[in-house]
Amino acid sequence: MTEYVVRFLVGGVVVSAFSMLGDMLRPKSFAGLFGAAPSVALATLGIAVYMHGTGYAARQTWAMAAGRSHSLSTAGPFATSSCARGFG
Amino acid sequence: MSPISMSPSSLKEGRLYEYLIRFVLGGAATVFTGLVSSRCGASIGGLFLALPAIFCASATLIEKHEIRRKREAGLDGRRRGEEAAALDAAGAVLGALGMLAFAVTFSLTVQDSVPAAFITASLAWAVVSIAGCVYAAGCARCADCGAPGTWFRRSRPVRRKTPRANSAVF
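Taken in order, these protein sequences are the chains called A and B. Counting in my numbering, the first sequence runs from 1 upward without gaps. Counting in my numbering, the second sequence runs from 1 upward without gaps.
FYI, nobody ran anything at the bench for these hints, they're computed from the structure. What you are looking at is a predicted structure, and each value in this text was computed from that prediction instead of being measured. Careful: at least some of the hints might be erroneous.
[Unchecked claim] So the derived list for chain A, only partly shown, Cβ under 8 Å to chain B, looks like this:
(1) G11
(2) R26
(3) A65
[Unchecked claim] Output of the computed footprint for chain A on chain B, the stretches with three or more beta carbons under 8 Å from beta carbons of chain A:
(4) 23-37
(5) 67-77
(6) 80-89
(7) 99-108
(8) 125-131
Beta carbons are placed, not taken as given, at the ideal position from N, Cα and C, and that holds for glycine.
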């Protein structure tokens with residue numbers, strides 16, 4: 001139970017810090033970068049390294065990279081066109 | 001795209017409950033990821049590490065802030081709110097590209113040194129995201145005149161067309 005309370009507090013603090021940084025930045029298209037900041041990853045990996053070791057954390061990040069590359073490859077054409085329009 | 005700037009006064013626009021929502025969402029996402037990892041293993045749990053916890057909350061809050069600001073000026077503000085949220089989403093796409101760089105860098109360096117892995121992975125995220133942002137700004141063209149992106153270009157000084165009051169002919 002204590003582990004999940006720590007997870008909740010650490011995750012909340014890291015996510016809030018990144019979102020406040022995003023709030024302060026202009027223009028909004030640049031601040032949007034912080035909407036996809038690795039905040040959950042930082043909090044979770046810190047706890048994973050402490051509790052299970054580096055091998056466990058490495059396995060988690062390989063899975064994260066695989067999931068992320070798949071979603072980017074499927075959303076690539078849409079992302080390219082929407083970025084070009086959004087940053088004008 | 002206008003130059004990057006930082007205004008701490010923007011934090012005053014947010015309400016207390018909005019920050020509370022972000023805190024709870026961030027905490028809940030981290031607990032959820034931990035639960036999935038412990039039940040289904042590191043490989044399945046890792047898929048949820050890239051959860052855009054901030055984006056879910058910030059997109060709606062940005063829209064609300066823009067609408068509130070425009071309504072104070074006597075305007076509707078709905079269109080402005082939608083556009084601001086869309087711009088935030090365009091930035092989040094590039095942040096996701098940086099997240100891939102974060103994951104690969106962390107995986108390659110964590111076995112050697114844990115602090116170095118966190119630092120280099122965060123730097124990789126920042127470099128890739130900002131490089132993508134600069135590239136996108138360079139590729140973008142003005143909707144009115146078709147001119148290329150203006151990230152690095154200085155804005156021209158505005159010329160006054162009407163004569164100044166103190167330059168009147170006596």
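* Asked: the stretch 125-131 of chain B covered by chain A? Criterion: 3 or more residues, Cβ-Cβ distance below 8 Å.
  -> holds (count 3)
* For the stretch 99-108 of chain B, does the count of residues with a C-beta closer than 8 Å to a C-beta of chain A reach 3? -> holds (count 7)
* Hint validity - A:G11 Cβ closer than 8 Å to any chain B Cβ -> At 3 Å from the nearest chain B Cβ, A:G11 passes the 8 Å test, so the hint holds.
* **8 Å C-beta test of the stretch 67-77 of chain B against chain A, three or more residues** => violated (count 0)
* **chain B contact restraint for A:A65 - C-beta distance below 8 Å** => holds, 4 Å
* **Outcome, coverage hint (the stretch 80-89 of chain B, chain A; C-beta under 8 Å; three residues)** => holds (count 5)
* Using Cβ atoms only, decide whether A:R26 comes closer than 8 Å to chain B, and label the hint accordingly. => Constraint on A:R26 satisfied, holds at 5 Å.
* **Stated coverage of the stretch 23-37 of chain B by chain A [criterion: 3+ residues, CB within 8 Å]** => With 13 residues in contact (Cβ-Cβ under 8 Å with chain A), the coverage given for the stretch 23-37 of chain B holds.
When each numbered hint is compared with the structure, a violation occurs for hint 5 only.
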